[in-house]
Every structure is written in C-alpha cells, then in structure tokens.
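Novice: Residues per chain are reported as follows:
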Amino acid sequence: MEKERHVLVVFPHPDDEAFGVSGTIASYTKSGIPVTYACLTLGEMGRNMGNPPFATRETLPQIRKKELQDAADVLGITDLRMLGYRDKTVEFEDEAVLAAHMGSIIEEVKPSLIITFYPGYAVHPDHDATGAAVIKAVKDMPENERPKVHCVAFSNNCEEEIGQADIVNNVSDVADLKLAAIKAHVSQTQLMAAEMEEQLKNQDPAVMARIHNERFWTYKF
Amino acid sequence: MEPVIIDHVQKELDRFAQKKVYIHLETTNGAYASHFNESFFSSGAYIRNALLQYEHGKITGNGPFRVGLKMSFGWVYAEGITHFEVDDKGRLLLAGHDFSGKLAVSLQLSEQPF
Numbered sequence: 065m066e067k068e069r070h071v072l073v074v075f076p077h078p079d080d081e082a083f084g085v086s087g088t089i090a091s092y093t094k095s096g097i098p099v100t101y102a103c104l105t106l107g108e109m110g111r112n113m114g115n116p117p118f119a120t121r122e123t124l125p126q127i128r129k130k131e132l133q134d135a136a137d138v139l140g141i142t143d144l145r146m147l148g149y150r151d152k153t154v155e156f157e158d159e160a161v162l163a164a165h166m167g168s169i170i171e172e173v174k175p176s177l178i179i180t181f182y183p184g185y186a187v188h189p190d191h192d193a194t195g196a197a198v199i200k201a202v203k204d205m206p207e208n209e210r211p212k213v214h215c216v217a218f219s220n221n222c223e224e225e226i227g228q229a230d231i232v233n234n235v236s237d238v239a240d241l242k243l244a245a246i247k248a249h250v251s252q253t254q255l256m257a258a259e260m261e262e263q264l265k266n267q268d269p270a271v272m273a274r275i276h277n278e279r280f281w282t283y284k285f
Numbered sequence: 649m650e651p652v653i654i655d656h657v658q659k660e661l662d663r664f665a666q667k668k669v670y671i672h673l674e675t676t677n678g679a680y681a682s683h684f685n686e687s688f689f690s691s692g693a694y695i696r697n698a699l700l701q702y703e704h705g706k707i708t709g710n711g712p713f714r715v716g717l718k719m720s721f722g723w724v725y726a727e728g729i730t731h732f733e734v735d736d737k738g739r740l741l742l743a744g745h746d747f748s749g750k751l752a753v754s755l756q757l758s759e760q761p762f
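As given, the protein sequences belong to chains A and B, one line each in that order. The number in my numbering is simply the position in the first sequence, starting from 1, with 64 added. The number in my numbering is simply the position in the second sequence, starting from 1, with 648 added.
Simulated from the structure, these hints should not be mistaken for lab results. Since the structure is predicted, the reported quantities are computational estimates derived from the model, not experimental observations. Don't be surprised by glycine CBs; every beta carbon is placed ideally from N, CA and C. Treat the hints with care, as some may be off.
To be verified - Partner residues are not named here, just some residues of chain A that face chain B (Cβ under 7 angstroms, in silico):
id	residue
1	N112
2	M113
3	N115
4	T120
5	R121
6	G184
7	V187
8	H188
9	K284
Between the sequences and the hints, there should be enough to build the whole structure, so can you do that?
Specialist: Here it is, written out as structure tokens:
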C-alpha cells in the first residue's frame with residue numbers, strides 16, 4: 065500500500081465501510097495515517113432489525129449511530145462525520161449541492177486519497193449517488209490538486225465494463241480488526257458475522273480470499 | 649416490538665381516529681433484491697409525515713395482518729403486518745417482518761411529526 069498523507073472515506077451507510085474497506089482503513093490508521101470517514105446517512109431505512117428484532121424503524125438510527133461510532137473506534141478512525149442525509153434519498157438530493165458539500169469536506173481535509181463507491185457500479189442508488197457526488201467534486205478541482213480516488217465496485221456487470229480492479233490490498237494482518245468492525249454493526253451483521261467466523265475457522269478459501277483482499281478501481285478522470 | 653395482539657392494535661387505531669395524524673408508510677424489498685436475483689422485480693414505496701385524518705381504522709386477518717384507514721376522501725392500507733409497539737412517545741408503530749426477520753412493510757401513526 066502506498067504511503068498517504070490523509071485518507072478520506074465517503075460512504076452513505078454505516079457498515080458500507082465494514083465489508084470491503086475496513087481492512088484497508090485499519091492498515092492506514094495502524095501505520096499512523098489519519099483517516100476521516102464521512103458517512104452520509106444513519107441507515108435509517110435498513111431492513112435488518114436484529115434477530116430477534118430489537119430495533120424499530122424509529123430506534124434504528126440511534127442504534128446504527130452507536131454501531132458506527134463503535135466500528136470507527138475499532139478501526140482507529142478519529143475523525144468521524146455524520147452528514148445528516150436520509151437513507152435511500154441521497155439520489156434525490158440536488159446533485160450540485162451535494163457535490164459542493166463533498167467539495168467543502170475535501171477542501172478542508174485535503175486528503176491525498178479518497179475512497180468511495182464507483183458511480184454506476186455500486187448497486188445501491190445511495191452508493192452510486194454518493195460516488196457520483198465525490199467524483200464531480202474532485203473533477204471540479206484543478207487537475208494538479210486532485211487527490212487519488214479509489215472506488216469500490218461490486219455490481220454484477222462491473223468487471224465486464226470497467227475491467228479488473230487495479231488495486232488489491234492484502235489485509236490479512238488486520239483481519240481481526242476487520243471482523244471486529246463488521247461485528248460492531250450488530251443490528252445489520254449478527255447473522256452474517258457468525259456465519260463468516262465459522263467459514264474462517266474452516267478456512268473456506270473463497271471466504272478467506274474475500275476477507276483478506278480488498279479491491280479498488282482507481283478512478284480515471 | 650411484539651407480535652400483533654389484534655385487540656390491542658384495534659384500540660390504538662381507535663385512539664388516533666378522527667384526529668390529525670402523521671403517517672409513515674413504507675414497503676420495501678431491499679435495495680439488493682435485484683442484485684442477488686436478477687429476475688426479481690424490485691419495488692417499494694415510502695411516505696413520511698403525511699398529515700391526514702381518518703374516520704375509522706381496522707386491523708383484520710389471521711396473521712400476518714392487514715390494516716386499513718378509511719378517510720372521508722380516500723384510504724390508507726398496509727398488508728403483512730406482524731409486529732406492533734406503542735413507543736415512549738405514544739406513537740403506534742406497526743411493522744411486517746419477513747420470514748428472515750427483515751422489515752418488509754411499516755405503517756406508523758403519530759400526533760407529532762416523525
């Protein structure tokens with residue numbers, strides 16, 4: 065992994081950072097590189113309510129806010145920002161206003177690297193809209209001031225259309241932190257995390273590869 | 649939340665009748681349904697803080713339950729309701745959780761905006 069000055073992570077939902085990026089985040093913070101995480105919503109519209117259900121539509125935001133804080137603590141993120149948008153509505157925001165908001169955070173944080181979703185290849189409309197706003201904000205910067213942008217893509221057609229990921233971070237050193245970050249999002253991951261731990265114990269090669277390797281596409285402006 | 653007790657929910661629906669109430673109504677199959685199964689037709693609808701008044705409300709069915717609110721000029725309806733709660737703000741929260749425990753439908757009533 066390249067040495068960075070400051071990493072800015074921008075995702076719309078608490079737990080978006082957990083599955084595909086938390087190992088990378090932990091690797092940066094472990095080597096002393098500051099990570100800012102801007103999370104647009106509190107995942108208010110999540111469908112997982114715990115099993116048996118312990119959350120309601122109205123208590124879920126506070127529960128997920130706490131889980132997000134816990135995951136950030138596990139990952140050594142000291143600058144966590146909750147931006148106050150509402151889950152499932154990001155794509156309906158004014159695009160220019162949203163991009164300007166992202167731009168103001170970029171300007172303040174001055175990251176050398178931004179990690180976000182690859183617009184058009186990230187499945188959830190909030191993911192695509194968040195990625196698009198970040199890309200627009202960076203595009204609006206003078207070319208010589210632009211940070212690198214590493215995008216997460218996982219739509220079924222992504223490799224067909226944008227090729228293989230050009231960055232693959234092996235995060236096996238911090239796999240325990242990654243698992244702890246996933247588990248911090250209790251309401252969303254309790255079943256999945258238990259299953260994952262079992263598969264890891266059995267050294268299921270597909271699951272090990274998925275957990276130990278985090279893939280990114282460098283955005284080409 | 650606890651599994652629907654039909655008499656209890658009916659009393660709550662009666663309590664909100666003929667008052668101005670704020671409604672949260674939502675159906676969802678999740679944003680990933682078509683990602684995991686490309687033959688799945690993803691749909692859903694969501695309204696938060698619609699202000700309305702209904703003449704009477706009724707819960708019916710043998711579980712999962714259906715809830716209808718009759719207005720002087722229209723209807724509100726939700727199907728698949730399995731759980732309910734009256735929260736500490738006196739709001740009636742109704743939800744339908746699918747077989748894996750995920751929220752599929754939600755109908756909530758409050759005298760204050762959500």
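Novice: Take the shortest C-beta to C-beta distance between H188(A) and chain B; is it under 7 angstroms?
Specialist: The hint holds - H188(A) has a Cβ within 7 angstroms of chain B, the shortest such distance being about 4 angstroms.
Novice: Holds or violated: is there a CB of chain B closer than 7 angstroms to the CB of G184(A)?
Specialist: Violated: closest Cβ of chain B sits about 14 angstroms from G184(A), beyond 7 angstroms.
Novice: Let me know if the C-beta of N112(A) comes in closer than 7 angstroms to any C-beta of chain B, holds or violated.
Specialist: Cβ of N112(A) sits 6 angstroms from chain B, so the hint holds.
Novice: Does the interface hint hold: is T120(A) within less than 7 angstroms of chain B, judged Cβ to Cβ?
Specialist: 5 angstroms, holds
Novice: Mind checking the CB of R121(A) against every CB in chain B and telling me if the closest is under 7 angstroms?
Specialist: Where the cut-off is 7 angstroms and the nearest Cβ of chain B is about 5 angstroms from R121(A), the hint holds.
Novice: Holds or violated: V187(A) as interface residue toward chain B, Cβ cutoff 7 angstroms?
Specialist: Since the shortest Cβ distance to chain B is 5 angstroms, the answer is holds.
Novice: Under 7 angstroms is the threshold here; is the Cβ of M113(A) close enough to any Cβ of chain B for the hint to stand?
Specialist: 6 angstroms, holds
Novice: Against chain B, with CB atoms and a cut of 7 angstroms, does the hint on K284(A) hold up?
Specialist: 25 angstroms, violated
Novice: With 7 angstroms as the cut and Cβ atoms as the points, is N115(A) at the interface with chain B?
Specialist: N115(A) check passes; min Cβ-Cβ to chain B is 4 angstroms, inside 7 angstroms.
Violated hints for the displayed structure, listed by number in ascending order: 6, 9.
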